[in-house]
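**Q** Residue numbers (the UniProt record's numbering), protein chains in the order written: chain A, 1 to 457; chain B, 1 to 457.
Hints are not guaranteed to be accurate.
Remember, identical chains collapse to one label, so a pair may be satisfied in a single copy or spanning two.
Claimed, not checked - Computed list of lysine-lysine pairs in DSS-like fashion (alpha-carbon distance at most 30 Å, straight line): (1) K298 / K98; (2) K425 / K212; (3) K287 / K110; (4) K400 / K105; (5) K126 / K336; (6) K212 / K287.
FYI, nobody ran anything at the bench for these hints, they're computed from the structure.
There are 2 protein chains.
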Amino acid sequence: METVIKNAVTDLEDILQNDQISTNPTILEQHSKDESYHKSSLPDVVVFPKCNKEVSEIVQIAAKHKLHVTPFGLGSCLEGHVIPYEHGITIDFSLMNKVLEIREKDFIVKVQPGVTRKQLNNELKKYGLFFPVDPGANATIGGMTATNASGTMSVRYGIMRDNVRNLEVVLADGSIIHTGNSAAKSSSGLHLNGLFVGSEGTLGCFTEITLKVYGIPEHITAARASFQTINEAVEAVVAIRQAGIPVARMELVDEPSMVQVNQHMDSNYQEVPTLFLEFHGNEAGLKQDVAFTEEIVKDFNCIEIHFETDNAKRNQLWDARHNLAYAYIHAYRGRKLMVTDVCLPISELAGAIHHAREALDTLHLPGGIVGHVGDGNYHALIMVNTEDSEEIQKAEAFNKQIVDYSLSRGGTCTGEHGVGIGKAKYQQQEHGDALNVMKSIKKALDPTGLFNPGKIF
Amino acid sequence: METVIKNAVTDLEDILQNDQISTNPTILEQHSKDESYHKSSLPDVVVFPKCNKEVSEIVQIAAKHKLHVTPFGLGSCLEGHVIPYEHGITIDFSLMNKVLEIREKDFIVKVQPGVTRKQLNNELKKYGLFFPVDPGANATIGGMTATNASGTMSVRYGIMRDNVRNLEVVLADGSIIHTGNSAAKSSSGLHLNGLFVGSEGTLGCFTEITLKVYGIPEHITAARASFQTINEAVEAVVAIRQAGIPVARMELVDEPSMVQVNQHMDSNYQEVPTLFLEFHGNEAGLKQDVAFTEEIVKDFNCIEIHFETDNAKRNQLWDARHNLAYAYIHAYRGRKLMVTDVCLPISELAGAIHHAREALDTLHLPGGIVGHVGDGNYHALIMVNTEDSEEIQKAEAFNKQIVDYSLSRGGTCTGEHGVGIGKAKYQQQEHGDALNVMKSIKKALDPTGLFNPGKIF
């Protein structure tokens, strides 16, 4: 072990218990990667703090020894956010996994960053509440905040940034700040909440997160609508949005991905372009919404629409949707997942998906298209052989095509996965001179570049 | 005229037409104040640019001559945001007042900063769309973006920050950036959109604003519910929120303010604590929501609840609510308006309003309490004699009491009016060390302190 690491570990031993510090190769390896195709890289040491004070002291020790700091939730990210390419200290938040406070009347909850979204929803259920942001993985709230995650319900309930009320953050100098408050809105000072949500560990470490939560809807109906073409499915989405129907979920799954759904669920749904929908509301209103939707999809040659109000069956359906990336990963062992993540104005969505589908067909790689199409966000999932550099190049060229298409039509290179290492190359193209503003903020808050180097910027 | 001003005007004359530059005393006086009790201060010169290029050149001329820049919409703000205490150049955006693009399918609209909210809604109506953020005044979209305004519909549709998709901003060096894109969501880069919304002209000048807009609801019902006590009215609000009824508006008006409403509307509503409510939705769902609400308010000894579906009468009702501040101003000529603006977690709202009411009664000044109570945001309006320094002191002490109460209970010093000069003194108390982060961002983006000095920081 290098002297600098040894000295840092000695300092860490002064403030942490022995089982909170690890240089064990297996542990280092677990913290060297995420769930994507991005190359792995080992941290020098992994620490497991239990409170904000420990996080602050770890950051100060890192700064003293000029070691980089990488915050780590569960490693379920998809653009290499947690991979420590410059090594240093990885802070794993798995011991900070408590739901600290549930305030039913205020519809807010305070959690530690290591709480996972399923753990949170299990706790909230007792109070008739739920938290709607649901990326595919059972990610940590800290990670979801860092990447500004969204998911299937954002079309109705918003993304992480819309649902974070307050953050406790440890900054590069070890100081601890709060970025918001517990009120529903505020016009006081600059909006640090929104700045830190989506900052991907480049500005500081979150130690407490206050979230907005929601009452479990009185009535829920799910629907599965099968179409002849992907284009008709997407056009139906646009029409439903135009009609002002407040859908809670609106997911597209293409033919190859329906094959995966059937395998994963042991179901025999038609393997055609399919919309998964969900409606939340009071009984009477919901009935009217559902009837109106049924009318609209018929205009787009919907083959079949099937409604589901049974809770267990509904959950099974959404589990299948959530596990689609894993279904691909399991079906193509030995290959790794590359997933595009653009988001466009909804008027551009049909064209974008058509373009992606044609390009995907020329790749001759296993994969499919799914998406949170109510938001204009879709993913092309491709299973790549990371040993084959030509294949990687081909897949990356495809990803670039998708991004170019989106950026030229007013969209973004990432709707929900974040920049990490994978989308850093598109930041100048997307943001132009605004990237300089982002860089100057990074420099003002983290002048030595302590936090998560190489990500975003 | 000072030499420095003369030289600046000479430079301005090179890039603007003569009628776009004014040092006329009446024009200067119009740009020396807002609608509040805050002391006025004259700019040296007022300019009226017509495009982003002119704004950029004005900013560069100001920088060259070391003159401060203050952006100005309509001057309807309430905390002195547009008052140029350090003089310099005021940029009036009234000639940049075009709705540039309406994209119905995407539910977005691009406007220049000088467009007013009523002007925008008149344009949008033709497309069956509306923009929900509605501060009392017919403010400009630029000003509403600068203060992160909200209003009566934020409980359902969010605040300015939730509804701004993209901003074109002229920075202190004259460069022009875009802070977002036209997609419904993004996880790309740091969130500059949210940072610039609510920055009160301290970080740059907005030259284009892209907003999220909404379809006009299929059905709308308004309601006016009268209560015996203000406490019961507030408790009813909490209960309606708890029940998960998606109210679109939820406004409290106290007894003295109902007197103003009656005078202004020539109506004879009961002069008791009153909730103004509104429901948006499909016909069936709305009926069920309304029936449920009626049941709930009865539990809180509601004296009378009256529903209104007629469009004209409904608009009249909301006009009365919107014009309340003006009603007070007209009723007490010679006095000026001071208005508190705290926002608290909703569980703290009843206590806060009770506390405010008791404190207000001891002041013996004309005034009342109104509020966007669905958000936990309320205002005490007080009419003060600005010639009487003792009275001003008394009113300011009252404002401080209200703020202290809010901050000690997890709230904020300003829910929607912004900081300006009036709430700058509470920033350290509210934000603690986070204020240093805000200051370092200000310094990074505007190192010479060109923009709107003395505001927020």
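**Q** Among all the numbered hints in the text so far, which are the ones the structure does not match?
**A** 1, 3 and 5
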